[in-house]
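Number of protein chains: 2
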Amino acid sequence: MSTYSAPLRDMQFVLRELAGIEQVGKLPGYEEATPDTVDAILEEAGKFAAGALSPINGSGDHEGAKWHDSKVTMPAGFKEAYRQFVENGWNGIGCEPEYGGQGMPKVVVAAVQEMWKASNMAFSLCPLLTTGAIEAITLNGSPELKATYLPKMIEGSWTGTMNLTEPQAGSDLALVRSRAVPQGDGTYKVFGQKIFITYGEHDMTDNIIHLVLARTPDAPEGVKGISLFVVPKFLLNADGSPGARNDVRCVSIEHKLGIHASPTCVMAYGDNGGAIGYLVGKENEGLKYMFVMMNAARFAVGLEGVAIADRAYQRALEYARERIQGRDLADGSGPVPIIRHPDIRRMLMLMKSQAEAMRALAYVVAAAHDAAARHPDAEERKRNQAFVDLMIPVVKGWSTETGIEVASLGVQIHGGMGFIEETGAAQYLRDARITTIYEGTTGIQANDLIGRKIAREGGATIKAVIGIMKQVEEALAKQPGEEFAAIHAGFSRGVQALAEAATHVATNFSQDIKGVHVGAVPFLRLMGIVSGGWQMARAALVAQRQLGSGAGDDGFYKAKISTARFFADHLLSQAPGLAATVVRGGAGALAVPEEAL
Amino acid sequence: MSTYSAPLRDMQFVLRELAGIEQVGKLPGYEEATPDTVDAILEEAGKFAAGALSPINGSGDHEGAKWHDSKVTMPAGFKEAYRQFVENGWNGIGCEPEYGGQGMPKVVVAAVQEMWKASNMAFSLCPLLTTGAIEAITLNGSPELKATYLPKMIEGSWTGTMNLTEPQAGSDLALVRSRAVPQGDGTYKVFGQKIFITYGEHDMTDNIIHLVLARTPDAPEGVKGISLFVVPKFLLNADGSPGARNDVRCVSIEHKLGIHASPTCVMAYGDNGGAIGYLVGKENEGLKYMFVMMNAARFAVGLEGVAIADRAYQRALEYARERIQGRDLADGSGPVPIIRHPDIRRMLMLMKSQAEAMRALAYVVAAAHDAAARHPDAEERKRNQAFVDLMIPVVKGWSTETGIEVASLGVQIHGGMGFIEETGAAQYLRDARITTIYEGTTGIQANDLIGRKIAREGGATIKAVIGIMKQVEEALAKQPGEEFAAIHAGFSRGVQALAEAATHVATNFSQDIKGVHVGAVPFLRLMGIVSGGWQMARAALVAQRQLGSGAGDDGFYKAKISTARFFADHLLSQAPGLAATVVRGGAGALAVPEEAL
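Protein chains in written order, with this note's numbering: chain G, 1 to 597; chain Z, 1 to 597.
Everything labelled a hint here was simulated from the structure, so no lab data went into it.
Keep in mind that a hint or two might mislead.
[As the list claims (entries may be wrong)] Partial pick of chain G residues on the chain Z-facing surface, computed with a CB cut under 7 angstroms:
no., residue
1, 329
2, 555
3, 580
We put the CB at the ideal spot given by N, CA and C, even for glycine.
Okay, chain G solo, but in the shape it has when bound (with noise of 0.2 angstroms):
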């Protein structure tokens, strides 16, 4: 059995000398979050993972969530699993201090949720969705609203769920139908069928919150018609506790291709006279609501590309160490483990340095968000959200298709035994390829990449994104070595496809609207591999300087500079090919008419 070993060398080191955990301290209202305390956390969350989640991930895999009569049972050993998180407070580590969170900066949380996510990812929706039903009502709800329900679903007591999807409207949320009547007391009554609704019902605390978007009888139609509701599985008794049971029902749950574990729920509200619900802010306002709350749920979905990468990488390690076949290329030496395989090697550089990159900078835009919720100077609040704004889709499009790549890849590195699902391998890949088409397919945040936030503001913060690579570019070049050189030229020619994408799709965004969204996957997975590769020479330079100080640990530092040069060997080298795609591959894909596919 492996278990899951939390990269905490790595993560301190992203932490402090990428994310500048130390300037996100210092901002006000994260004074809290000093890098000793932050350290505690991160250990003590890695001994949870590794104690608690990581053991019943395949088991509960195997077993998977299970439906009957409207009730779900989950698998063996998550109710107590889940008991012990609320206990140990890890719920509410990013929530509002005022209701009974610990308020830790994103930067810190992203760290903490990686490790729920790489141990086991079916477990880690449950406190997923209930931190993004927290953060609606906490944006938009009532001072009621708040007072009544967050308390306990900061603490995590009552778990809470977003209702979005019905089955004509997935992506298209213009296409909702469900309804909500006003009582005239204050109350609505809802009804309809919502699908694909994680946790939707479960037996592992005694309520369950529904966030549901639904319509009023006169409201307007498409995505501005659409309002929020919170509607609570059972109604609360005067005294907060739980009540009557409300007229909503999980009718199955779905037969799906990985997180087995996680319930997907198909919700009816409704059919027995309406579902009590409670407004959340005001009417016809509801998708505003949710997008102020998507770059979070898109940024987390992102971070379980991150964690699935690194699950899968630490298994398939420990697989090639042990698995002994073949012999020694260059010496005939043997039989000897496969990790003496270059083509084995080449696998692991690729899960690790890919692994490594998205991690940098997922925790870089999670800094960006502290900073662009904290920072005393307008300015630089600004700068930095435009910043965020940019990247999630990145973190969330780039970091999941290559999770399910690296994913993939340790299937591969386990030969045969891969393909048996005991092994372990496989259940990655299963659970990873949901992630590119929750909260919004690649393609999704592809066209919001090159739409909302590049187009849009004719390329502005890209652009200003690409002069500060740029100033890595510089820094690069003055580093002696062949490595560096490698580092360099890889990155060089990363950044300046970059720059010709961009403005491409800048230039001719609006004359050749479809031939420019043909390329925007192309431009996403560029800007990915860019951004990853600048967040890999940024580390690499940190590790130069660590080198020549003296301050030990020099095989970590080595290993760094190493694992960059790769990653612009093996990544940065698709840059270029990617940029033609971009710039020359609209027509083509829009050639053969829809009748001759």
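Starting from the structure of chain G, add chain Z where the hints point.
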């Protein structure tokens, strides 16, 4: 329900215009393969695939093969489908007429097999393994062995298996430990455990003929001491009918990621005194016999990649036409079918163009195989054999890696529904995932390609192939219009990249054996893309000629040219980056010490 529809139009185009079916039909012994006969065969095969195999693909996956007390029960419908398969004479279509086969050329068999694989990959593995066993006996068995087993196996009344792998001996057959002890009467007693035995046990026929690798008592160590034995499940009576049970048992079957209907068996030989076995050919030459069959098996698995890609494309295309979601980007109309969205189009074109390119390459290689076997001119036979040997690892490695990617795109096009098992898209991804592993992983194919197929002969064959590609490049340059300009530009860069990378491999193979091997898989991918681009370029040239001729079917030919252009812009664009990784990527991949990974 999506039903498989054989892509007859494209198959016929490839067979006639690219693979030269007319020339194949003129080879001695293949005279019956006239274009009309071939058309009739393909049409009938398409009907059988659609009518008998496609309907039980999803149910077979869901139900799976079941093991109980040494017996395996196949999913509902499989036994009946197999009976029809045999009754219709499909099993022996490519086998020697001397023992009841139809002796069709490999290029025809390839098209037919693509249909079995596309409509029901799990089913298709049974005749695939039987074919392998037939070939082993045909090429190396004594006249008596042939007469005893071949008629029933070619007919399909008995199936065959290949028993190579043991727990400690996967890719490395030098580690095989199974024993075969001569009994003095010409027979042997076989002892040992074999794993990953496809269709090692099932209930579709009244005998199963196992081919087993084992060591005789005085055999030398390593691969030079392995012999091949026939071990029937039931020993034969004097009249040739199955009689007493032999000492071989299926101990269990694996719980796998995919191909659930194909029983993957753990086989125990000789637990009760020894399984009676009959030597094939000579002692200690078993591995040599295996190598001869390996090309055929690897080619067949490569076809699985083609087949799954096409099947996943068909299903995704149907969904993309039906699913209504979102608005047209250009004119705002809608909601529209998602096929209208540029990123969905891009994904569909990635699926379509790669399926067509892989099919074309595979059939061209199959036709070369036929010429290598039957051409009256020895030089032509030799030239064709060298081409086949070079291309087999590309067909196997590139088509299977691409098959997985295409199946994953199919899931993505389905959005959330793609993650739900009932939809059927996920099955292709799960089934495809084994294809890059069995019959030699992609790493093993790539090592074979750069080592035995390129470096060992100083790159002679690949240089000749690149020469032929350059002729196509010249022909492209003469075509008018934007589409051919794009095809020419992409293909030129691709050929140049391939030439550069091949020279690097041939030049540095000996002095930097590990560094060059780091680039093996990127090189294989490069060669696959450029070879696929070569076939698409040839196809576009043919299509242009046909368009000018007024022969009709303009829609098909126009789509072919546009598809070739897409392939150039979106796939061939990757070639220079892959070459860069091959040339520069060795050192970085090996720099991090094993213990620092």
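How the hints compare with the structure:
The interface hint given for residue 329 of chain G holds, since its Cβ lies 5 angstroms from the closest Cβ of chain Z, which is under the 7 angstroms cut-off. Contact between residue 555 of chain G and chain Z, as hinted, is supported at the beta carbon level, the nearest pair being about 5 angstroms apart and thus within 7 angstroms. Proximity of residue 580 of chain G to chain Z holds as hinted, the smallest CB-CB distance being about 4 angstroms (cut-off 7 angstroms).
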